[in-house]
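Q: Here is how the chains run, residue by residue.
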Amino acid sequence: MSLSILRAGLLTTIQDLGRVGYQREGIVVGGAMDAVALRLANALVGNPDSAAGLEITLLGPEIRFDADHIIAVTGADLSPTIRGERVRSYRPFLVRQGTVLKFGAARAGCRAYLAVAGSFTLPRIMGSHATYVRAQLGGLHGAALQAGDGIPCLGPPPGKLLTELTARLLNKSWVEASWSIAPPPVAGNPVIRVTQGPEYELFPAASQAALWSSAFTVSAASDRMGYRLLGPPLPLVQAQELLSSAVTFGTVQVPPDGNPIVLMADRQTTGGYPRIAQVISADFSRLAQVALGKSITFQEVSLPEAHALYLGQQHTLQQLLHTLRLKTCS
Amino acid sequence: MSNPIQLYPLGDAAIVLKFGDTIALPTHHAIRAVCAHLDEHPVPGLVEYVPAFTTLTLYYDPWHFSAHGRLDPYAGVTAAVRQLLAHIQNAAPRHAPRLLKIPVCYAPEFGPDLEVVASHSHLLAEEVIARHSGAEYVVYMIGFAPGFPYLGGMDARIAAPRKDQPRTLVPAGAVGIAGTQTGIYSIPTPGGWQLIGRTPLRLFDPHRAQPSLLQAGDQLRFVPITEREFGQHQRHES
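As they're listed, the protein sequences go chains B and L.
The letter at position 20 of the first sequence is residue 20 when you use UniProt numbering, and the numbering goes up by one with no holes.
The letter at position 211 of the second sequence is residue 211 when you use UniProt numbering, and the numbering goes up by one with no holes.
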């Protein structure tokens, strides 16, 4: 049983929740840029939280299913279709062997996630399936998917979901479940909430003011490692040589040219640029869905506010995952 | 521990322990002591740690330290860290550090910038090699790339500025100098360090139980080898 990649799309990679515990060895965490969307895709098809899925960036691939599979798509709306019919996101569906799923142009957001019930039968590297292209780790041969690739995967396990969908399939080539979950809203040019970074006070008042009052465009040089932002430069009074120290998802660092970089999933583990701000965990998914060329603005929150927002988001997510587990498992 | 340790947040899921302001062995040993303690006595809710020159960053699960949403997670993790530090009385390393020998071939084909470093320091190439391989180094931290060591202990006499134009591709195993630092490229990557040699050892291998050959706290020496020995080592490694 496998998925055949007929067309790769712009950047389609296998991702899970990342490689945890190896940062002290310089190994990036990686994993899904929008972890919430991947977790929901997995939950919609009854997979465990740790399962891998496909991260599909902006321009979508064409995928043929070489066996009957239950799948779900979440995250960005990249116009998925089967035989020209629109496929709805955030809803599991059953496809018969030979069905081709095509993704088109991005209508909203930047990254879509596709989960397959049973998930992929690939080796984990350092506990993870996450593809890290730069060190050729994980995924399928450590690389982005190419036309002609086949991803081995299990078929759907028996259970409520398979029973429901099989009963509704009749002689069609695919069928959706009768239920779905509400997709989170995707803002085109969102407000990203941040706390002050460890070196915030090193920046002059003018740079601090520009951070809070300006819109920053996500430049074309952005990737899974970081978003390079274009806006007013945020210079330091005097260039500072800092000793390298740990950085994390959402760290907003400012190199000597003054153009901030927001570190994302494939960030390096340590860095030496001054860190003016730090995106709060509750806004990682929102940030991951900002497409190249779109703008963001920053809004300051306190650390207790950041924690309250994260805990609230996690509480809602856990309830949703629990509900989905009851719907999909036998 | 003698000096007060500064604590500050790195976002809402990491806390930084700062042990000093400059690269120094006592600071390094204090950080190692906390890492060793964490290895032996993992603290629930702490996900992983990243040691650096003067800091130790602990990644934590805010949900765990919120006591199911009732407490401030930063207060919770701060209390856990203070308790952890109180347990560590002695900053001396508990285990003697490993001393590794890293074979390096300094031949021109592997060290294209050896002459640049030599002329910059007004030394002969042989003298640069002697000084580079005559010192004992400490791995202060691993960062920049998988398995890439930041080393302390280089003879300042062979310091050299970075290249004006970074190379678009530096091979894995390349040994370089940048300022007063020396290091070993662990994976093929763009890089601006002056390259003076290459080791046949694999600094990073994802299929090893410990993927990074070097760990923070290790000590190492560079041992000059010939091109012939380089070839033999390389066959042995693969």
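Possibly wrong hints are sitting among the right ones.
[Unchecked claim] Capping the alpha-carbon separation at 25 Å, the derived lysine to aspartate or glutamate pairs in DMTMM-like fashion look like this: (1) L/Lys163 - L/Asp218; (2) L/Lys163 - B/Asp68; (3) L/Lys18 - B/Glu199; (4) L/Lys18 - B/Asp68; (5) B/Lys102 - B/Asp68; (6) L/Lys18 - L/Glu40; (7) B/Lys327 - B/Glu199; (8) B/Lys294 - B/Asp257; (9) L/Lys101 - L/Glu48.
[Stated by the list, open to error] Some, not all, of what chain B presents toward chain L, calculated at C-beta under 10 Å: (10) Arg24; (11) Ser245; (12) Thr248; (13) Pro255; (14) Gly258; (15) Asn259; (16) Arg275; (17) Ala282; (18) Leu303; (19) Leu309; (20) His315; (21) Gln319; (22) Thr323; (23) Arg325; (24) Leu326.
Hints listed in this document are in silico derivations from the structure and should not be mistaken for laboratory results.
The structure presented is a predicted model; accordingly, all values stated were derived computationally and were not measured.
Each residue gets a CB set at the ideal place from its N, CA and C atoms; glycine is no exception.
Q: State for each hint whether it applies.
A: Evaluation of the provided hints:
no.	hint	in the structure
1	L/Lys163 - L/Asp218	violated, 28 Å
2	L/Lys163 - B/Asp68	violated, 56 Å
3	L/Lys18 - B/Glu199	holds, 14 Å
4	L/Lys18 - B/Asp68	violated, 55 Å
5	B/Lys102 - B/Asp68	holds, 17 Å
6	L/Lys18 - L/Glu40	holds, 21 Å
7	B/Lys327 - B/Glu199	violated, 47 Å
8	B/Lys294 - B/Asp257	holds, 21 Å
9	L/Lys101 - L/Glu48	violated, 29 Å
10	Arg24	holds, 5 Å
11	Ser245	holds, 4 Å
12	Thr248	holds, 5 Å
13	Pro255	violated, 14 Å
14	Gly258	violated, 20 Å
15	Asn259	violated, 18 Å
16	Arg275	holds, 8 Å
17	Ala282	holds, 8 Å
18	Leu303	holds, 6 Å
19	Leu309	holds, 9 Å
20	His315	holds, 7 Å
21	Gln319	violated, 13 Å
22	Thr323	violated, 19 Å
23	Arg325	violated, 18 Å
24	Leu326	violated, 21 Å
Comparing the model with each earlier hint shows violations of hints 1, 2, 4, 7, 9, 13, 14, 15, 21, 22, 23 and 24; every other hint is respected.
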